[in-house]
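S.K.: Keeping their order, the protein sequence lines are chains Z and B. Numbering-wise, the first sequence is residues 1 to 135 according to our numbering. Numbering-wise, the second sequence is residues 136 to 822 according to our numbering.
No wet-lab data here; the hints were simulated from the structure. These figures come from a predicted structure and were not determined experimentally. This list has only true hints and no planted wrong ones.
With a cut-off of at most 25 Å between alpha-carbon atoms, the simulated DMTMM-like pairs for lysine to aspartate or glutamate come out as follows:
id : chain 1 : residue 1 : chain 2 : residue 2
1  : B       : K265      : B       : E469
2  : Z       : K23       : B       : E501
3  : Z       : K67       : B       : E469
4  : B       : K265      : Z       : D88
5  : Z       : K23       : B       : E492
6  : B       : K265      : B       : E541
7  : B       : K366      : B       : D499
8  : Z       : K23       : B       : E428
9  : Z       : K23       : Z       : E13
10 : Z       : K67       : B       : E287
11 : Z       : K23       : B       : E507
12 : Z       : K67       : Z       : D35
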Amino acid sequence: MADPTAEFFARVEQRGPDLLPTKARGTLRFDLRRDGEVDHWFVAINRGNVLVSHELRDADCVVATDKALFDRCALGEAQVVAAYNRNDVTVQGNLPLLLMFRRAFPSPPGTRDPRERIRERFAGRGRERERERQR
Amino acid sequence: MKPLVSILDGNTFVVSDNRGDIDPSPTFPTGLFSFDTRFLSKWELTVDGKRLSVLSVDDLQYFESQFFLVPGEPTHYVDAKLSVIRHRTIGGSFQEELTVLNHRDEAVELTVRLNVESDFADLFEIKDVKEKVGGTTVLVEADRLRLCYQRETFRREAIVTSTAPAQFDQGGVSFALRIGPHQQWQTRLRVETLVEGAGGRDIRLSIQRHHSRSPEELRQDLDAWLDRAPKLSSDSEPLTETYERSLIDLAALRYTPLVSGPPLPAAGLPWFMTMFGRDSLITCLQSLPFTPELAGPTLRYLALAQGVSLDDFREREPGKILHEVRYGESTAFEEQPHSPYYGSADSTPLFVILLDEYERWSGDRELVQTLEHEARAALHWIDRYADLMGNGYVWFERRNLRNGLENQCWKDSWDAISYSDGRLPAFPRATCELQGYAYDAKIRGARLARLCWQDLVYAEQLEREAADLKERFNRDFWVSDGEYYALALDTEGGQVDALSSNMGHLLWSGIVDDDRAAKVAEHLLGPRLFSGWGVRTLAEGEGRYNPIGYHVGTVWPFDNSLIAWGLRRYGFRHEAGQIAEAMIDAGRYFDGRLPEAFAGYDRALTKYPVQYPTACSPQAWSTGTPMLLIRTLLGLDPHGEHLVVDPALPEGMGRMELLDIPGRWGLIDAFGRGRAEHSRTPPHLTE
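The task is simple: from the sequences and hints, build the whole structure.
M.R.: See the structure below:
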């Protein structure tokens with residue numbers, strides 16, 4: 001995948017209203033370190049609508065971490081709150097905004113709807129019972 | 136083991152023996168804890184190398200205690216020439232004022248020492264202490280001792296300082312003293328717990344470091360809290376005692392999670408000093424008429440953390456309300472799933488139930504509107520992700536096979552859900568009380584949709600679904616032979632037929648058909664379930680019944696409070712009173728502080744309720760129990776802008792007055808009288 005982080009922000013911009021609470025409002029800036037440089041992602045949320053830019057602007061909540069870790073969060077492989085708890089992610093400002101924004105991160109890769117798994121498990125049994133009944 | 140003494144402020148707490156010493160114990164968490172990490176595993180006072188003996192302990196406040204000590208063995212201290220007072224408080228940091236008094240008429244020279252260590256154990260590791268992955272270093276500085284733990288970027292640090300001159304070394308702190316005749320010496324020791332980024336050169340922002348409050352601020356806060364609560368006066372001394380104890384304990388159990396803001400109820404000391412969806416929601420339901428300020432922040436916090444995507448490790452699903460939040464090392468490194476963990480099938484319907492009950496009391500429609508999206512998502516979860524078998528019931532089966540909970544209902548120990556003959560059903564399982572909560576959530580969701588969201592179509596849909604659920608439930612769960620509700624359904628649609636306390640919750644939810652309620656009440660108060668001290672979790676005679684089994688025979692006060700509320704709902708005033716009386720009686724044996732659980736032995740066998748060995752105390756929903764019982768006895772229920780009072784007190788309880796009950800009506804007083812002792816009271820006033 002080319003750039004999980006860029007794709008993540010593009011998706012959040014498109015699907016913001018589906019992912020975030022309808023009344024969500026505020027600004028976040030993600031400062032992502034890589035190769036001695038820092039990428040800025042400025043996210044403005046207004047009633048669930050999301051606008052993303054690369055501006056280095058003041059934000060209600062400033063989140064700093066390594067680009068590599070953020071890529072993993074963007075893919076659902078790592079979790080931003082756990083990373084925050086181990087100090088891999090630092091937050092300045094309005095922490096609840098980040099806790100709200102975590103909704104935008106995807107499920108871990110390979111996650112399936114739990115109901116599907118159970119349907120599959122019991123589908124076989126259902127067919128067996130059906131056959132018994134027909135006999 | 137010596138009796139333990141605890142003080143706490145939010146999720147920072149100290150558990151020590153009755154000398155004030157902390158020695159690491161694998162079975163019970165002694166130590167100084169904060170944010171699920173043990174910051175002190177040893178805190179041991181000696182005078183001239185000898186440990187001390189206790190004369191007495193004063194539990195002054197929940198955040199303050201005082202130990203009176205003398206050197207030497209208990210047999211020798213009678214004519215002690217020296218005494219030691221440890222006065223400790225907790226308020227953000229841990230402080231201990233150490234006073235040494237010389238009773239001789241000559242000067243003494245002595246060495247006072249505190250041995251200090253930290254293992255930085257995660258609360259999850261206490262029972263099974265492991266080799267730590269990270270490293271601990273002890274830094275001795277001129278004026279402080281720093282105990283540091285580091286694992287990659289994860290850092291925790293305990294800093295020990297003293298107001299009096301001290302010699303710090305790797306193992307603790309010493310004071311070489313000379314105390315004049317009839318003089319005293321004093322120092323104030325302070326242990327600061329840093330959760331993150333402290334000390335080192337690359338200090339990162341440590342917003343996790345919580346706000347420290349002085350004992351004086353804590354005292355004022357407690358006074359204000361007690362002042363806001365309704366005043367109870369009653370002829371029943373045990374009732375007054377347990378109510379007052381509960382108010383203080385509930386104040387003690389408030390904590391502020393990572394997101395700062397108003398405090399929320401944590402679940403219990405010492406294992407559960409954190410946010411549990413189920414415990415916090417039920418505690419708020421119990422305490423709404425008394426301390427309504429907890430409910431709004433709890434709902435907001437749970438809404439903020441509501442799931443929107445799937446996660447197998449954390450058992451998260453869209454719309455689901457969390458089960459447990461932790462901040463310790465094992466959670467941070469994703470070895471444990473609590474960031475947050477969503478493994479409970481009841482917190483989601485309970486969220487909707489509390490939202491409605493909160494509105495009924497407070498009239499705060501704004502919050503109901505603010506949380507409309509989350510409440511709808513929760514209701515949606517009931518029909519989608521909870522219905523694993525696709526047959527219209529709430530089911531659970533864990534997806535986290537490593538450390539997820541097998542039983543995702545309040546009886547969450549592995550053997551809690553069984554057939555009458557003791558067999559355990561396969562997964563998924565649908566326990567009965569979950570269906571009751573789902574029914575209640577739909578009924579209450581409909582009320583909110585009509586009243587606050589102006590969505591009549593949705594309200595009618597929810598009501599149809601609820602009616603349908605009630606009909607199916609009464610067909611599928613009713614055990615006709617025994618005339619009670621099965622504990623659960625299995626995947627074949629068969630009844631998991633143990634007789635249990637769970638059906639008491641069904642009365643509270645209103646899912647019980649009217650013509651069956653009397654049978655349910657009869658079982659709950661019958662000899663197999665009712666021990667005399669309360670309703671057992673599992674009936675005597677069931678395959679897995681064990682009077683000291685965590686969820687298979689013990690009596691849980693919170694369970695009983697919901698059962699009493701349910702009995703009252705169906706008009707069983709006498710039976711509700713019987714349970715309330717048993718609980719209030721039991722409370723007398725615990726100084727008014729009902730524990731998490733006590734043994735299910737018959738009351739005729741044990742003249743006092745036997746506390747369950749590792750029970751948490753204080754525990755939030757046990758603390759809420761006397762409050763809900765008082766509500767039930769007085770028959771308090773909001774109707775529109777009014778509070779209906781319809782007392783039904785047991786005979787012999789005498790008079791009860793509850794003044795200044797807060798709510799949308801402002802403040803209202805309620806009165807009730809038990810019959811027997813006031814025979815002149817006309818019967819209609821007591822019915």
